Amino acid sequence: MKIGVLALQGAVVEHARTVEAVGAEAILVKRVEQLAELDGLILPGGESTAMRRLIDRYDFLESLRAFGAAGKPIFGTCAGMILLAKRINNQQTSHLGLMDVTVERNAFGRQVDSFETELEIKGVAQDFPAVFIRAPYIIEAGPGVEVLSEDTGRIVAARDGHYLATAFHPELTADTRLMGYFVEMVKEAAVKA
Amino acid sequence: MAKTGTDLVKRGMAEMQKGGVIMDVVNAEQAKIAEEAGAVAVMALERVPSDIRAAGGVARMADPTITEEVLNAVSIPVMAKARIGHIVEARVLESMGVDYIDESEVLTPADEEYHLNKSEFTVPFVCGSRDLGEAARRIGEGASMLRTKGEPGTGNIVEAVRHMRKVQSQVRKLISMDLDEVMTFAKDLGAPYDVLLQIREAGKLPVVNFAAGGVATPADAALMMQLGADGVFVGSGIFKSDNPAKFAKAIVEATTHYQDYKLIAELSKGLGTPMKGIDIASLSPENRMQERGW
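Taken in order, these protein sequences are the chains called L and G. Numbering-wise, the UniProt record's numbering puts 49 at position 49 of the first sequence, and it's gapless, one number per residue. Numbering-wise, the UniProt record's numbering puts 236 at position 236 of the second sequence, and it's gapless, one number per residue.
Source of the hints: derived by calculation from the structure; they are not laboratory data. All of these numbers come straight from a predicted model, not from anything done at the bench. Positions of the beta carbon are idealized from the N, C-alpha and C atoms, including for glycine. Heads up, some of the hints might be wrong.
[What the hints assert, rightly or not] A short list of chain G residues far from chain L (calculated; beta carbon distances all over 10 Å):
id : residue
1  : A41
2  : E69
3  : P77
4  : V92
5  : S119
6  : I175
7  : D188
8  : Q198
9  : Y261
10 : I264
11 : D279
[What the hints assert, rightly or not] Just so you have them, the derived chain G footprint on chain L, three or more residues with Cβ under 8 Å:
id : region
12 : 42 to 48
13 : 96 to 104
14 : 184 to 190
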């Protein structure tokens with residue numbers, strides 16, 4: 001099982017470490033050609049605008065969309081959730097536009113409002129440690145989207161078919177259960193293909 | 001249940017900046033150029049370091065009008081500088097919603113003995129360091145991110161290189177050291193013992209360490225990444241160049257693809273005249289910003 005981590009900017013090595021910890025092989029993806037060998041892909045936390053600029057400059061955009069369209073699972077955390085979303089509140093355009101959700105950027109406020117908490121995540125954990133950093137959340141989820149977790153009424157983890165997104169950063173803690181969940185998604189998709 | 005201002009939240013914010021470029025800006029227009037170029041954050045200032053150098057006198061926290069203007073102009077994080085030890089400047093910046101405070105030697109220190117007790121703040125801090133002792137003292141005080149001091153506003157990378165190499169080699173030495181030797185190492189460095197134990201245990205610094213102070217070209221940025229920097233601060237270089245938008249993009253790309261030399265060659269073409277630069281030996285000790293901080 002080869003899982004890529006888009007390595008243009010952000011918390012890349014933390015995700016790679018978690019991928020390895022659950023027994024899959026992690027590949028740091030800096031070039032479009034590397035996508036071909038992957039079974040699944042992680043869009044890490046970082047700055048979504050900075051990542052988008054780098055995605056545009058290396059013609060990653062269409063290749064990433066095609067990767068998703070081919071049924072390969074993608075997991076986005078924080079900035080990755082923003083990249084995956086079909087709609088971004090108060091913005092005319094989205095990025096990859098793959099996941100049927102509307103997200104709000106910096107939805108919890110500025111850095112002084114960033115926080116950590118424990119969440120119940122459906123099918124994953126009752127007590128998952130979640131770190132929110134200038135985080136977005138999902139303000140509206142399409143009918144086919146399964147809401148996996150809410151924090152005080154706000155959707156912070158969701159799955160839309162083979163797309164998984166969290167507003168928080170599982171890569172910042174040692175808890176690998178969510179990554180285990182994603183690797184199962186990748187295995188299921190590989191069986192189907 | 002929800003906890004703000006924890007180490008995880010403050011250090012995590014800096015983790016998200018990794019592999020990116022943080023740019024000095026003095027107004028909303030520059031902040032937008034930086035964001036458009038792919039900066040991961042901007043540092044709101046009244047003057048860039050080279051102008052601070054030229055102006056002389058006491059350099060203080062920027063006029064809040066400038067900081068506010070930048071906060072309203074961009075959606076990426078905004079950092080701002082407070083003087084070393086200036087508790088009120090730091091609290092003012094925190095109250096304004098600044099995302100990260102640089103307790104910076106670029107400004108004139110307010111306290112020549114003590115740095116801020118950064119653990120008490122909800123907002124995270126970045127601090128400069130020249131060696132592991134200084135890095136560990138700042139971590140001990142609660143810094144959530146480090147950067148090399150380099151020599152700001154000179155356009156000369158030599159000091160940033162020296163500081164990055166020094167910290168890296170001291171961390172390597174610490175990790176391979178017998179536990180019996182750590183206390184004396186701590187004494188020699190003037191470093192808190194418990195912080196050194198944490199670093200030894202983890203095999204790395206507990207916070208990210210960016211390069212700063214003298215980055216003037218895309219190749220400089222890539223060099224610092226190769227030496228182990230987690231990302232790059234660019235101060236005077238960008239908006240003192242002939243074409244800031246192009247220059248900013250080139251620095252961002254060189255930082256991401258720091259081992260792609262053909263690309264760096266392309267990026268470096270036609271950027272116009274870089275900063276003239278200052279030979280460090282020509283700076284008298286009182287004009288070296290890196291000497292500030294204790």
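With a C-beta cutoff of 8 Å, work out whether three or more residues of the region 184 to 190 of chain L approach chain G closely enough for the coverage to hold.
violated (count 0)
If I take the minimum Cβ distance from V92/G to any residue of chain L, is it greater than 10 Å?
13 Å, holds
Verdict on E69/G as a residue remote from chain L, using beta-carbon distances over 10 Å
About 16 Å separates E69/G from the closest Cβ of chain L, which puts it past 10 Å; holds.
10 Å cut-off, C-beta based - D188/G kept clear of every residue in chain L:
Consistent with the label, D188/G stays out of reach of chain L, its closest Cβ about 31 Å off (over 10 Å).
Test coverage of the region 42 to 48 of chain L by chain G using CB-CB distances below 8 Å; three residues minimum.
holds (count 3)
Check on Y261/G being off the interface with chain L, judged by Cβ distance over 10 Å
Label holds. Min Cβ-Cβ 14 Å, cutoff 10 Å.
Does Q198/G clear chain L by more than 10 Å, comparing its Cβ with all Cβ atoms of that chain?
15 Å, holds
Would you assess whether I175/G, listed as outside the interface, keeps its beta-carbon beyond 10 Å of every beta-carbon in chain L?
Holds, since 17 Å exceeds 10 Å.
Classify the label on D279/G as holds or violated, using whether its beta-carbon is more than 10 Å from each beta-carbon of chain L.
Holds, since 33 Å exceeds 10 Å.
Is A41/G truly not at the interface, in the sense that its beta carbon sits beyond 10 Å from all beta carbons of chain L?
7 Å, violated
Assertion that P77/G lies outside the chain L interface [Cβ separation over 10 Å]
Nearest chain L Cβ is 6 Å from P77/G, so the label is violated.
Quick one: work out the minimum CB distance from S119/G to chain L and report holds if it exceeds 10 Å, violated otherwise.
Non-interface label on S119/G holds, nearest chain L Cβ at 15 Å vs cutoff 10 Å.
Against the hints set out earlier in the document, violations occur for numbers 1, 3, 13, 14.
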